[in-house]
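Take the two lone chains and join them into the complex the hints point to.
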Amino acid sequence: MNVLASGGFWAFVGVVAGIYTILSLGLQVQFGFAGLLNFGQVGFMALGAYTMAILVVKEGWSMWLAAPLGVAAAAVGGLLLGLPTLRLRADYFAIVTIAFSEIIRYVATNETSLTGGSQGTIALGRVGTASQYNGEWTTFQTHLQRTLGFSSADATMLVIVWAVAVVLLLLAWLVLRTPWGRVLRAVRDDEDAAASLGKNVFAYKLQALALGAALAGIAGLFYAWEFSFFSPDDFEPLLTFFAWMILLLGGLGRVWAVPVGAGVFGFIFAGTRFLNFPPFTWVASDERAYIRLIIIGLIILVLVVLRPQGLLGNRREMVLE
Amino acid sequence: MFLQLVANGLVTGSVYAIAAVGVSLVYGILRLVNFAYGDFMAFGAFVAFGVNGPLHQSMVVAALAGMAATAALSLVLDAVLWYPLRVRRAGFMSLFLASIGLALVLRQSLLLAAGSAPRSYRVNPYRVFVLGSVRLSEAQVIAIAAAVVTIVVVGLFLSVTTWGRVLRAMADDRALAAVAGIDIGGATRLAWIISGLLAGLAGVLSGLVEYSFDPNFGFQLLLPVFAAVVLGGIGSAYGALLGGLTLGIVQEVSTWSGFAGGVNPVYKPVVAFSALALALLIRPQGFFGQARTG
Chain W
5 MNVLASGGFW AFVGVVAGIY TILSLGLQVQ FGFAGLLNFG QVGFMALGAY TMAILVVKEG
65 WSMWLAAPLG VAAAAVGGLL LGLPTLRLRA DYFAIVTIAF SEIIRYVATN ETSLTGGSQG
125 TIALGRVGTA SQYNGEWTTF QTHLQRTLGF SSADATMLVI VWAVAVVLLL LAWLVLRTPW
185 GRVLRAVRDD EDAAASLGKN VFAYKLQALA LGAALAGIAG LFYAWEFSFF SPDDFEPLLT
245 FFAWMILLLG GLGRVWAVPV GAGVFGFIFA GTRFLNFPPF TWVASDERAY IRLIIIGLII
305 LVLVVLRPQG LLGNRREMVL E
Chain Y
208 MFLQLVANGL VTGSVYAIAA VGVSLVYGIL RLVNFAYGDF MAFGAFVAFG VNGPLHQSMV
268 VAALAGMAAT AALSLVLDAV LWYPLRVRRA GFMSLFLASI GLALVLRQSL LLAAGSAPRS
328 YRVNPYRVFV LGSVRLSEAQ VIAIAAAVVT IVVVGLFLSV TTWGRVLRAM ADDRALAAVA
388 GIDIGGATRL AWIISGLLAG LAGVLSGLVE YSFDPNFGFQ LLLPVFAAVV LGGIGSAYGA
448 LLGGLTLGIV QEVSTWSGFA GGVNPVYKPV VAFSALALAL LIRPQGFFGQ ARTG
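Line order of the protein sequences matches chains W and Y. So the number in the working numbering is just where the residue sits in the first sequence, counting from 1, plus 4. So the number in the working numbering is just where the residue sits in the second sequence, counting from 1, plus 207.
Since the hints were made in silico from the structure, they are not lab data. Ideal Cβ placement from N, Cα and C applies to all residues, glycine included. Hints should not be assumed to be uniformly reliable.
Once the Cα atoms are required to be at most 20 Å apart in a straight line, the calculated SDA-like pairs of lysine to any residue come out as [what the hints assert, rightly or not]:
(1) W:K203 with W:L92
(2) Y:K475 with W:T113
(3) Y:K475 with W:E115
(4) Y:K475 with W:N114
(5) Y:K475 with W:R109
(6) Y:K475 with W:V111
(7) Y:K475 with Y:M208
(8) Y:K475 with Y:L430
(9) Y:K475 with W:D237
(10) Y:K475 with W:E240
(11) Y:K475 with Y:A286
(12) Y:K475 with W:L92
(13) W:K62 with W:N138
(14) W:K203 with W:R91
(15) Y:K475 with Y:Q427
(16) Y:K475 with Y:L485
(17) Y:K475 with W:G121
(18) Y:K475 with Y:L449
(19) Y:K475 with W:Y110
(20) Y:K475 with W:S122
(21) W:K62 with W:G11
(22) W:K62 with W:V131
Simulated restraints on C-beta separations [stated by the list, open to error]:
(23) Y:R490 with W:L175: 35 to 41 Å
(24) W:A293 with Y:G298: 45 to 51 Å
(25) Y:G260 with W:S122: 27 to 33 Å
Looking at chain Y on its own, in the form it has when it is part of the complex (with noise of 0.2 Å):
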């Protein structure tokens, strides 16, 4: 039972993680806490939703529809909403705010044009794989295997590449890295085409893990990944991987019965929180966070 709940956990967590990188990388070089990101997610995973269902195709081409539409829609509102936005030297506080408005905007567009009825994916939610004492369904064994890959990937990508250093830079001192000349508006774009990829990716995984999902499921996500952002240390990739994995397994490992009778499910996303609030107290800064933004 708690090898179950633990690997539940590590699934859960995977879709955490991938969306707290996404978070986190548009906060490194914005300074922006994207309140939309969770419709983000939502975003996407209709996207697929509308490419495997009506038109029939593959869920691994609907996935990577998906993911490409998010990435477009976020390149879309850097250029009208975040670009002047930036020109205007906006703070964290209007950021944020405009990120809130934003996300009102998208979720009821989503509404409108979806409808508020729960959807599913085409594909078998019945085959599960054994290992052991744990079972896993196909979903979850693809989201599990989706994070690994993009773990490995983003991480390569942070650490060996020119424009992941280049994002690594300017998440560390934007205005040094402008004076060494860096394409401030090129990496701007790259680090929205990352979130965005990752937001769609984690809503098609979350929406191919839970089953069903309706357009307020993106919201119902966000409050989890923002706390595995700050787990983290906002603004460190390496950090959201590391706090959505925790944040994921303790939601689940909390709910053990050999763990004080364990928590009620209904209050997993409760956990999620106090365990934040616990690590908060000991480490302000999160796991990998600067103490003051510079």
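Isolated chain W, as found in the complex (with noise of 0.2 Å):
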């Protein structure tokens, strides 16, 4: 168990966390504020990290000017998927939302002149050499670790993606006081009601869903800048339910419960990585790998039964319904 006590284990229990933060905020805009059961959030974080590692490495762009750039396409990836689907009844849009995600992990895969293939974003630039985007994220990591006088670059990254988390979190909560919040609260209460009274309930959604899948690309961002390389088995369907998990534990329609329930999820999941006791040990570790998905599906499962608002979540605002 000495591994709980290194400092680099629980910082990146932390990174994780903060990138989690951030991904389900994005549902939180959307669920939470909206009502938009969107299932493809991971299409969206796919789209930030893969737009600025192709733009770094085959255009040569300055990572400063791509990432931007990452976080736009992903976007104008939720207005090009709300467009047609926003008025889809909503286990319709559920539905084709997945797919969304799947068709772009699919294309990744495929493409592999433009993405890598399934080897991945070492397989971006030419054949024989291994490509790298980070270059300047790793200066910049390295020159703001030694300002902060850190010894390790995993508690530099720490800083980092909570810095940006919080200020994510904290525009979130002012953009849910102003009107704008208040109209889109209204859509997701009764759109019928929002709409008599003159608001454009369609505008509002798409809005709020380009709005969910801009943060996606913010955190695909910085699941890029932590592990260097991705490829697109990183972005299977599993996170976009790990992110809604996350909602569910912190408690749905409140900013502040989704760094709550990141932080929860990032215990379980790094947590559960080292069930290095008995009966655990009784089995192998691949087959280790397997029990810490069930015990997570477990945990869903018995959030939705017992405690339908998530943790932090109040029952009179929002339930899950």
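This is the structure:
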């Protein structure tokens, strides 16, 4: 169990929780504020990460220009997905959004000349050379580490991720209190009533979808920076389900519940990696990986059945229907 | 070549159609989009594998065992999971998320129990039937035949028998059906049994047609099946049949070289979703769906 005592491990848990906070905040905007059942969130994350990596490696862009473009690509993806699908019934919309994220993954896997294919971003550049997109990021991170006087790169990343996450949470919290945010919640609670007051329900939903997608794009950037190389397999629907679990764990309709949910999730996710005590030691390590996901599945089930408003959610404002 | 692709599409579409009817029936009764359905199929396929392989039973016995086991699993899950949620009047969102959690538990349990190695049934994959310019393997012929039988049986059941009418009445208007004195609990269990039998059948057929399968294959089937359900209109069993066959054929025929050079076969799933997106743009509620849920 000595790994649990190492600072590097906890910094990693913290970084993962920070990335998931940003990803799930996107879902909170879409579902908690606007009532949209987006189950393709991971697709927007992939759009952000891949757009940045491709622009840097193939077009030779500066990463600092490519990163905002990655976020923009995710937002545009949200708009393009929403235009034909937001008029669909909620259940159809949920299925179509999963399909969307799977299409992104299929394209990333098979368009090898564009994305590096199933080998991932390491194969983005010329054949035989390992391509890299995060040189400028590493420089920035090292610089920051020296300025802050930190001893490890992990701790620096932890500070960066959470600084960005807190700013985004604060922005989301503020936005919810603007007239725009109030209309959004009105759309969530009663679409017809909002429409009868002359609000363009469709436009509000589309904006919420694009905003949540942009947040997923930012999460994608951090994912790319944290792991240096990524492949289409990193963007399986499972990640979207994790994000939903975080939303449920934290609470629906509440901005500050998201980091709480992400923290608990990060702990469960990373913690169950170290199930090295009986009875788990009776099975091989690859089988323990299955047990981890079984535990996560069971937690989703228990939450849905026993606490549909989430740990911190307000039952009167929003319950999972 | 074109005819061969249509025949292949009919095979793929048959599996989709059988599974899509199973998803649609449960949706009609419970308003549950069952995300765990792919893993139900995989469960059925693996039970059949156990009976066919280690237990040395014939493929027919194995298929029936797989179907029965999946139906039993569905019933147990109704009692321990879906019933408590119904009592709490859980809506679409809770049910969908619960089915996602269930899908995780089922698939990983299957991986834990059966391992991730690909499996095959004890059948001869080289026996081929030739029909004019079309060549079909034994498994493909069995899949089409099973689909035809299933379509006729399910169609007759829904249209002629009292229980079939009950299920359709509940799909139409649950409250009204309850007021009319229908045994809601019995009808729900019946829907789960049929849905489970169909999941097991679709799983076994898919395992036969694909020849080798692992515990993840159910999930790979799930999205095309969902696409078929949505295409037909969620909750409509007849729509699901038509949606499944349409998608299967569109998927295969899209690779035909006479069709603008043909789509790269790796994009078959994308073709299915594009067909779905296109169809929904024209008819947002699907072939037979209702514009709004009641």
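For each hint, the structure was consulted:
1. W:K203 with W:L92: Holds: K203 of chain W and L92 of chain W sit about 19 Å apart, inside 20 Å.
2. Y:K475 with W:T113: holds (13 Å)
3. Y:K475 with W:E115: Since the Cα atoms of K475 of chain Y and E115 of chain W sit roughly 14 Å apart, the hinted pair holds (cutoff 20 Å).
4. Y:K475 with W:N114: holds (12 Å)
5. Y:K475 with W:R109: holds (13 Å)
6. Y:K475 with W:V111: holds (11 Å)
7. Y:K475 with Y:M208: Holds: K475 of chain Y and M208 of chain Y sit about 17 Å apart, inside 20 Å.
8. Y:K475 with Y:L430: holds (12 Å)
9. Y:K475 with W:D237: With Cα atoms ~18 Å apart, K475 of chain Y and D237 of chain W stay inside 20 Å; holds.
10. Y:K475 with W:E240: holds (18 Å)
11. Y:K475 with Y:A286: Violated, at roughly 38 Å.
12. Y:K475 with W:L92: Judged against 20 Å, a Cα distance of about 24 Å means the pair is violated.
13. W:K62 with W:N138: holds (13 Å)
14. W:K203 with W:R91: holds (15 Å)
15. Y:K475 with Y:Q427: It holds: about 12 Å lies between the C-alpha atoms, which stays within 20 Å.
16. Y:K475 with Y:L485: Holds - the C-alpha atoms of L485 of chain Y and K475 of chain Y are around 15 Å apart, at most 20 Å.
17. Y:K475 with W:G121: Distance of about 17 Å is within 20 Å: holds.
18. Y:K475 with Y:L449: holds (18 Å)
19. Y:K475 with W:Y110: holds (10 Å)
20. Y:K475 with W:S122: holds (17 Å)
21. W:K62 with W:G11: Judged against 20 Å, a Cα distance of about 37 Å means the pair is violated.
22. W:K62 with W:V131: Holds, because 13 Å separates the two Cα atoms, which is no more than 20 Å.
23. Y:R490 with W:L175: 35 to 41 Å: holds (40 Å)
24. W:A293 with Y:G298: 45 to 51 Å: At roughly 33 Å between Cβ atoms, G298 of chain Y and A293 of chain W fall outside 45 to 51 Å, so the hint is violated.
25. Y:G260 with W:S122: 27 to 33 Å: At roughly 31 Å between Cβ atoms, S122 of chain W and G260 of chain Y fall inside 27 to 33 Å, so the hint holds.
Going down the numbered hints, you'll see the structure goes against 11, 12, 21, 24, while the others check out.
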